[in-house]
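One line per chain: the protein sequences are E and Y, in this order.
Sequential numbering of the first sequence, starting at 1, is according to this note's numbering.
Sequential numbering of the second sequence, starting at 1, is according to this note's numbering.
No lab work stands behind these hints, which were simulated from the structure alone.
Be careful, since some hints might not be right.
Once the Cα atoms are required to be at most 35 angstroms apart in a straight line, the calculated DSBU-like pairs of lysine-lysine come out as [to be verified]:
#1 K137(Y) - K352(Y)
#2 K42(Y) - K299(E)
#3 K93(Y) - K208(Y)
#4 K2(E) - K271(Y)
#5 K352(Y) - K305(E)
#6 K374(E) - K299(E)
#7 K45(E) - K270(E)
#8 K374(E) - K42(Y)
#9 K184(E) - K167(E)
#10 K271(Y) - K137(Y)
#11 K271(Y) - K3(E)
#12 K278(Y) - K2(E)
#13 K278(Y) - K3(E)
#14 K93(Y) - K299(E)
#15 K271(Y) - K392(Y)
#16 K167(E) - K420(Y)
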Amino acid sequence: MKKHQATAFLLLLLAALVCFFAGREFLTMHEEEAVYPSPHLTIKKRLSDYFPGLKNSPGDSSVYIFEGQKMGGTLLILGGTHPNEPAGFITAVLLVENLEVTQGKVIIVPRANNSGFMHSDPQEGNPQRYSLSTPGGPRWFRYGSRLTNPIHQWPDSVLYVNPAGQKLSGTESRNLNRSYPGRKHGKLTEKIAYAIMQVIDNEKADLAVDLHEAAPEYPVINAIVFHENSAELAAVTLMTLQMEGVDIRLEASPPNLRGLSHREWGDFAKTRAVLLETANTSHGRLKGRPSATLIINGKDKNYMKAAQLGLLFVPFDEDGISLKQRVSRHLASLRALVSGLHELHPDLCIQLDNLPNPIEVQKVGIGPYLTPSK
Amino acid sequence: MSEAVIFLLMVGIFAILAMILKLPIGVSLAISALAGALLGGKGLALRHLVEGSFGYFETILIILAAMIFMKVLQASGILDSITALMLKTFYRKKLPLLLTVMVLIMFPGMITGSSTAAVLTTGVLVAPVLIRLGLSKVKAAALIAMGAILGMIAPPVNILVMIMGAGVDMPYVGLTLPLLIIVVPLALVISLWLGYKDIKIIRYDEMKSILPESVFSLFGFRLYLPLVVVLVLMLSQSLLADIMPDIGIPAIFMLGSLVGLFCGRPFHFLKITQEAVKEAMPILSILVGVGMFIQIMTLTGGRGWAVISFLSLPPVLLYLGIGISMPLFGAVSAYGSASILGVPFILALINKNAIITASALSAIAGLGDLMPPTALAGMFAAQVIGEKNYFKVLRYCIVPAFFLLFVGIGVLLLAPILDKFI
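Okay, chain E solo, but in the shape it has when bound:
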C-alpha cells in the first residue's frame, strides 16, 4: 500500500470512529425521559388523535387529560414549545404527576415540540440532559433546542412566510411559536401547530397557556403576555400575583407580530390566549459555561455583571434565578389565572387539587413533587 493510500485509510478509519461515537451520543437524544402521571389522570392521548397527519412522526407527543366530575371550564397548558426553556417543561411535568381535577378539564402537553427535544443547538455547547433529586433518587430530563430537529424538517428556506403571513428568517420555520395557526399539509412544525389548534378547537379550551422562558436580557420577561380577548383576565391575575408578592408585569400581544401562540390562538381559535415568561440564564447570549448546574441553579457571573451594567430586565444577583424559582413562578401564575377565570366567569370554574404549592416548591425544591423513578 502506498503511503498516501495508508494515510487516506487511516483518516477514513478515524472519521468512521468519530461518526460512531458521536452518533451514539446524538442518538441518546431520541430517548425520552419517564413521566409518571398522577393516579387521577383521566386519559392519555396523542397529538395525532387530534390531527392524524402527525401519526408516527417525531412531532407526535403525549396529551394528558384530567377531567373532573363536575362541569366547568377547560384549560390547556403547553410546556416544551421551546425545549431549551426547562421551566415550562418541568412545570407541565409537575402538573401531570400531581394534579387532581374535581371540576372542569385540564389538558397538558409537556413536550409541545417533541422533535425539538431530540437535538441540541450547534455552537451553544449545551448539555443533553439535567437531573433533579427526588426522594427516591435522581431523575433526568431532556434539554433540547428552540427549533425542530433539522433531521425531521430540512432544508430551511431562505425566507419563511409563516401561516399568518409574517416574513421571517428561514430558520424560524422550525420555531413552533412562529408557526401558528399551522398548516395541515405544511412542514412538520406547522403540522404540530395545526394539531395544537385542533386540540384547542376539539376540546373547546376556554383558556390556553403557553409556558416559556426567556434570556434575562430579553425585554419581555417575568411577564404575562396576553391576547386582547384576555385583557381582563390578565389584569385580575396580575393583581392576585402582586398580592402574593410575585413581581410580574403584563404585556399585550402585539397585533403585528404574527404566528405566535398568544396572537393566533386568540385570533383563530377564539380561546383566551396567554403566554408566561420567566428568566432563564442557560439560554441567554451572555451565559458563561453551559452546564446542567447552570440550568438548575441559574447562577452566572456574566449575568451578574450584565445586571450591574443595567443590561437586564430582571433583578439578578449572586443567588441567580434557579429552576425551582422559575417553576414556582409558573405555578403561581397558573393558579392565579384559573382563579381569575373563575372570578370573571363563574361557569368556567376549574378546580385544581394537589397543585404543587408555589411557595413550597421555592422552599423545598421540585424534587419532592416528582415521582421517584420506577
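Given the coordinates of chain E, assemble chain Y onto it according to the supplied hints.
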C-alpha cells in the same frame, strides 16, 4: 482555569499551528478546539466537536453545490460567452459598466440575504469582464466581495436584521428606507473607489483581441438556461416564499448544474464535480474547524466572556466596541455576529429607533463576511478569480470596509435625527 485564559490559549495554539507549523487553517482550528476542550476539563468532547461543525452544514452544502455550478459554467463555455457579451456592451462605458456590475453583484444578495450566493452567481459572471477591462484580479475580487456584502444588507431581504429582530420581537417591517439610506451611497462610492481608476476605455480592435470565444452562435439562448434556472428558483424562494416548495439553495445550484449539461459545450460531469470538491475543500475544512472552535469556546465559557467584555465597555466606547466586535465576531459568520452581539447591542441602544439601529448594526455585522478565517464573501471572491492568498484581496477591501463601518456607526449616532424622516 478561567474562561479568558482557556480562550487565549486556544487562540495561541491556533496561531502556533497555523503560522509557525504551517498546518492547514482548518486542521489548526480543529486541534486548538480539541486542546481547549482538554484544558477546560471537558475531555475529548467528541459530541461537541461534531455538533459545532454542523453549525456550518448548510453553508458547506451551498459552497459545494455552487462550486460545481461555477465549474459547469466554465466548462460548457457559458461563462466565456457571457463575458464576451458584456465586453461588447460595455467596453467604452466606464461608469455605466461599474454601476451595472455593482447592481448585478448585489442583486442575488438582495434577494437571498446571502453574500455567498451573490459572489457565486453574478460575481462569477462579472469577474472576467472586470479583469479583461484592466482591473487587477485582486481588486476585482474586492469589488465582488464588497458588492456581495452590500447586497446582503440591502432590502428587500436582510437576514441579519431578521435574526436580530427575532431576538427582540421586532417584525421585519419598515426597513426598506433605512437600509437604502445605508446601501445606495456606499454602492456608488465603493464601485468608483475600487474600479474607476483602473478600468480602461478601450478601442474596438482592442476589445476584439481580448474577447473570449463565445459559443452563443452554436447554442443560442439555451446557453443562459442554467443561470435562468438558478436565478428564477432563488428569486421565487424569496418572492413567492408562501407557494414555492423549499428545495434549498444547494439543490438550486445542483439543478442549474444539471441543466448546464445540456446547454453548452459537452464536458465530463463527474470530473467537473471532482475538481469542484478539490478546490472547495480548504474552505470547507476551515468552516468545519471554525464550528468546532466556536462550540468549544462556548462550552468553556469563552464566548460569554467575550460578549460581556464588549458590553462592559463604558458608554463612550460602546460605538467603538460595536465597530470592533461585530466585524470580529463575523469570523464565526455575519449571521452569528448578528445573533450573538446584534441582539444585546440593540437592547443596549434601546432608547433609539430599533429599526434604524438594527439596519445600521446589520451593515456593521455584514463586514464579518470579510473577516478571516471564514471570510465567506472574501474567500469566495478570491476563489472566483483564482487567487489563493485571501489577504491580497482583503488589502483592497480595507478602505471600502471602513466606508461601510463609518456609515453604519454614523447612522447609529444620527438615529434620533433620521428617526424624524423615516
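So, going through the hints one by one against the coordinates:
Note on K137(Y) and K352(Y): the hinted pairing is violated, with a Cα-Cα distance of about 42 angstroms set against a maximum of 35 angstroms. Restraint check: the Cα-Cα separation between K42(Y) and K299(E) comes to about 20 angstroms, which is no more than 35 angstroms; the hinted pair holds. The hinted pair formed by K93(Y) and K208(Y) meets the criterion: a straight-line CA distance of about 16 angstroms does not exceed 35 angstroms. Proposed proximity of K2(E) and K271(Y) is supported: the alpha carbons are some 23 angstroms apart, at most 35 angstroms.
For the given pair, K352(Y) sits about 23 angstroms from K305(E) by alpha-carbon distance, which is consistent with the 35 angstroms threshold. Between the alpha carbons of K374(E) and K299(E) the distance comes to roughly 31 angstroms, so the proposed pair stays at or under 35 angstroms and holds. Annotation: proposed proximity of K45(E) to K270(E) holds, straight-line Cα distance about 23 angstroms (limit 35 angstroms). This hinted pair checks out: K374(E) and K42(Y) have alpha carbons roughly 31 angstroms apart, not beyond 35 angstroms.
As the CA atoms of K184(E) and K167(E) are separated by approximately 19 angstroms, the hinted pair is consistent with the 35 angstroms bound. Between K271(Y) and K137(Y), the direct Cα distance comes to roughly 26 angstroms. Compliance with the 35 angstroms bound is thereby established for this hinted pair. This hinted pair checks out: K271(Y) and K3(E) have alpha carbons roughly 24 angstroms apart, not beyond 35 angstroms. Taken as a hint, the K278(Y) and K2(E) pair is honoured in the structure, with Cα atoms around 21 angstroms apart against an allowance of 35 angstroms.
Distance restraint check for K278(Y) and K3(E): the Cα-Cα separation of roughly 20 angstroms lies within the 35 angstroms cut-off, and the hinted pair is therefore satisfied. For the hint linking K93(Y) to K299(E), the alpha-carbon distance of about 64 angstroms lies beyond 35 angstroms, and the restraint is violated. Taking the CA atoms of K271(Y) and K392(Y), the gap is near 30 angstroms; set against the 35 angstroms cutoff, the hint holds. Straight-line distance between C-alpha atoms of K167(E) and K420(Y) comes to about 26 angstroms, which keeps the hinted pair within the 35 angstroms bound.
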